[in-house]
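Enquirer: If you want the building blocks of each chain, they are given just below.
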Amino acid sequence: MPMDLATLNKPPITARERKFSRLILFFEDLVKVPLFRCQRCGECILSSTAFICCQRCPKRLRNGPCGGTGEDGSCEVFPERKCVWYKIYYRSKWLHRISLLYKVNKIHNWNLERTSTWLNVFKKRIDAPILFVRNDKQKVKDLIVDDAQREN
Amino acid sequence: MTLREKIESNRFILCGEIGPPQSCDGDFIREKSRHFKGFVDAVNITDNQTAIAKLSSIASAKILLDEGVEPIMQMTCRDRNRLAIQSDLMGAAALGLRNVLCLTGDYQTFGDHPEAKGVFDLDSIQLIAAVAKMNSGFLLSGREMKKPSEFLIGAAANPFAEPFEMRLIRLYKKVNAGARFIQTQPVFDLETFSRWMEKVVEMGLAEKAAILAGVMPPKSAKTLLIMKAEVPGVKINEEYIQRMKNARDPKEEGVKMAVEIIRTLKQMKGVRGIHLMPVLWESITPVIVKEAGLNSLNENTT
Numbered sequence: 004m005p006m007d008l009a010t011l012n013k014p015p016i017t018a019r020e021r022k023f024s025r026l027i028l029f030f031e032d033l034v035k036v037p038l039f040r041c042q043r044c045g046e047c048i049l050s051s052t053a054f055i056c057c058q059r060c061p062k063r064l065r066n067g068p069c070g071g072t073g074e075d076g077s078c079e080v081f082p083e084r085k086c087v088w089y090k091i092y093y094r095s096k097w098l099h100r101i102s103l104l105y106k107v108n109k110i111h112n113w114n115l116e117r118t119s120t121w122l123n124v125f126k127k128r129i130d131a132p133i134l135f136v137r138n139d140k141q142k143v144k145d146l147i148v149d150d151a152q153r154e155n
Numbered sequence: 022m023t024l025r026e027k028i029e030s031n032r033f034i035l036c037g038e039i040g041p042p043q044s045c046d047g048d049f050i051r052e053k054s055r056h057f058k059g060f061v062d063a064v065n066i067t068d069n070q071t072a073i074a075k076l077s078s079i080a081s082a083k084i085l086l087d088e089g090v091e092p093i094m095q096m097t098c099r100d101r102n103r104l105a106i107q108s109d110l111m112g113a114a115a116l117g118l119r120n121v122l123c124l125t126g127d128y129q130t131f132g133d134h135p136e137a138k139g140v141f142d143l144d145s146i147q148l149i150a151a152v153a154k155m156n157s158g159f160l161l162s163g164r165e166m167k168k169p170s171e172f173l174i175g176a177a178a179n180p181f182a183e184p185f186e187m188r189l190i191r192l193y194k195k196v197n198a199g200a201r202f203i204q205t206q207p208v209f210d211l212e213t214f215s216r217w218m219e220k221v222v223e224m225g226l227a228e229k230a231a232i233l234a235g236v237m238p239p240k241s242a243k244t245l246l247i248m249k250a251e252v253p254g255v256k257i258n259e260e261y262i263q264r265m266k267n268a269r270d271p272k273e274e275g276v277k278m279a280v281e282i283i284r285t286l287k288q289m290k291g292v293r294g295i296h297l298m299p300v301l302w303e304s305i306t307p308v309i310v311k312e313a314g315l316n317s318l319n320e321n322t323t
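Protein chains in written order, with our numbering: chain C, 4 to 155; chain D, 22 to 323.
Please keep in mind that the hints were generated in silico from the structure rather than gathered at the bench.
Just to be clear, a hint being listed does not mean it is correct.
Quick list of the computed label-pair ranges, beta carbon to beta carbon [as the list claims (entries may be wrong)]:
1. D/H134 with C/I27: 15 to 21 Å
2. C/E83 with D/G225: 35 to 41 Å
3. C/L146 with D/K243: 40 to 46 Å
C-beta: ideal position from N, C-alpha, C; glycine also.
Work out the full structure, taking the sequences as your base and the hints as a guide.
Expert: In structure tokens:
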């Protein structure tokens with residue numbers, strides 16, 4: 004039946020784990036904040052957004068840009084900024100990771116805010132990052148054709 | 022015939038739009054509904070559009086339903102978290118509302134309460150998937166509902182915003198999540214729209230969801246200029262603005278323009294209907310429906 008749509012509290016986070024998570028988060032921040040401007044959502048989808056943190060979006064959208072991106076790719080809320088999804092799209096194109104943009108990212112679990120993604124992946128709360136994508140163009144084609152065939 | 026049946030039977034669909042008032046006046050909706058009754062298949066009820074607090078979309082939709090006009094209730098993610106969204110949807114279903122248009126929502130700083138906290142717990146795609154899940158009898162928590170909802174899910178698309186391909190990816194996700202009709206931003210750039218439409222047909226999305234192209238009859242050149250400057254994600258060809266500026270009777274020219282755009286859209290492959298947005302000018306709907314020759318389509322259905 005219906006796919007898992009939201010990241011649930013499974014397994015639940017214990018108080019002890021939270022403390023430990025904070026320690027790991029310290030080291031995680033040292034890497035991810037300067038490199039990706041990580042916003043510490045605890046449910047990292049950097050690998051499917053071409054290594055640009057999508058949580059910089061004012062609406063914190065996880066599934067692509069809203070309808071307000073300007074012609075020059077500016078954000079509708081802060082016109083002086085570039086829309087983060089605009090950047091993600093062009094970076095994905097450059098890195099040949101467009102097929103990952105077709106994936107629906109799950110509804111964010113706000114309990115995971117300010118916890119360590121690395122620990123959450125280890126605990127299997129969230130999906131592991133996708134490091135390599137091969138035959139990106141073919142994958143995109145397959146996605147579209149697959150659906151057309153499923154209809155028939 | 023309900024909107025769902027009309028979409029399933031491949032009829033040409035015509036939707037209208039009403040923005041609820043910023044007061045407790047229910048008669049406002051009843052009055053506006055008269056401009057649409059018998060002319061369109063369904064009417065959108067906006068949900069605090071441009072982040073301005075208005076009469077709730079569920080209440081307005083219910084008023085419209087009682088007036089004998091089929092409402093499409095809009096639901097945005099800006100004002101509600103997942104608890105409120107699901108509870109509002111259950112309430113709407115219990116009131117007999119059957120159509121929901123899922124939107125992310127304009128950012129709160131555009132409205133009259135810029136100090137508000139924006140929620141954005143879900144985004145539009147996740148909302149569509151959540152409603153689809155409720156239709157299958159489950160809540161987001163995984164709990165089962167005794168009586169599932171039966172919503173016809175709609176979504177919005179903006180063919181004019183950048184990057185072009187990303188818009189198609191978003192549409193693909195929305196349709197696959199469960200959207201059965203798509204309403205677009207008002208078309209004032211037929212060239213970009215036809216390019217977008219071609220791609221949508223090519224991806225096979227036009228068969229799975231009915232694409233309803235947005236059309237807005239402008240009242241004056243000023244309307245267009247304000248739209249261009251202030252409404253995010255709207256693209257307006259300079260040609261149309263010039264035409265409105267030079268027109269002796271801007272209102273007449275606006276109607277003529279809307280009719281022209283509707284005629285062109287009707288010829289386009291994959292366009293399954295028109296979403297008419299006569300913002301603050303609802304009384305013009307019957308005129309446009311008649312001039313564009315859409316009347317015959319809806320006469321026997323409503």
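Enquirer: All hints, please: hold or fail.
Expert: Quick rundown of the hints versus the structure:
no.: 1; hint: D/H134 with C/I27: 15 to 21 Å; in the structure: violated (39 Å)
no.: 2; hint: C/E83 with D/G225: 35 to 41 Å; in the structure: holds (39 Å)
no.: 3; hint: C/L146 with D/K243: 40 to 46 Å; in the structure: holds (44 Å)
Hint 1 from the list above is the single one not met by this structure.
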